[in-house]
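Just need the whole structure built from these sequences, with the hints factored in.
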Amino acid sequence: MNVRSQIKDYIAAQPEPKQKDLQELHGLILGIMPDCKLWFLDGKDESGRVVSNPNIGYGVQAIKYADGKNKDFYQVGLSANTTGISVYIMGIKDKKYLAEKFGKKIGQATVTGYCIKFRALKNIDVDVLEDAMRYGIEETRA
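Per this note's numbering, the very first residue in the sequence shown carries number 3; after that it's consecutive.
Note that these hints are calculated values from the structure, not bench results.
Straight-line distance between alpha carbons at most 25 Å, and here's what the computed SDA-like set of lysine to any residue pairs gives:
1) K73 x G93
2) K46 x Y116
3) K119 x R136
4) K97 x Y116
5) K97 x C117
6) K39 x Y137
7) K46 x V5
8) K119 x S54
9) K71 x D96
Label pairs and their calculated CB-CB ranges:
10) R121 x N4: 26 to 34 Å
11) E140 x C117: 17 to 25 Å
12) K106 x E140: 18 to 26 Å
13) K95 x S7: 30 to 38 Å
Quick reminder that beta carbons are idealized off the backbone N, C-alpha and C, glycines included.
Here it is as structure tokens:
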């Protein structure tokens, strides 16, 4: 199954209203990054054990590890969780920036160094979320 089909099936498998919110976010991110690489991570490790929630990734950046090795990974991620939705903005060097810049303006969300977590889109300012994603994309542009 190709990545687009996996993403479509993942979103379709979510209960409403989460499904509608994920579809809206998927469209928003594709509007920001129309030709980006798409990822789908099923949340399982090499042995098939579930280690995280499945997630959709958008874009690509090279992550450099302390041992000098590089690995490609997505720039923005999207995942359903038990209480709502998480948007991951990967690769931002300053781990305080998202919370300081967007945390007070975004609405009912928890903002960490790379994750914005909320119950539903209606609880947040989507324009602020979009600004945060655009910032992260620009910061990790190759």
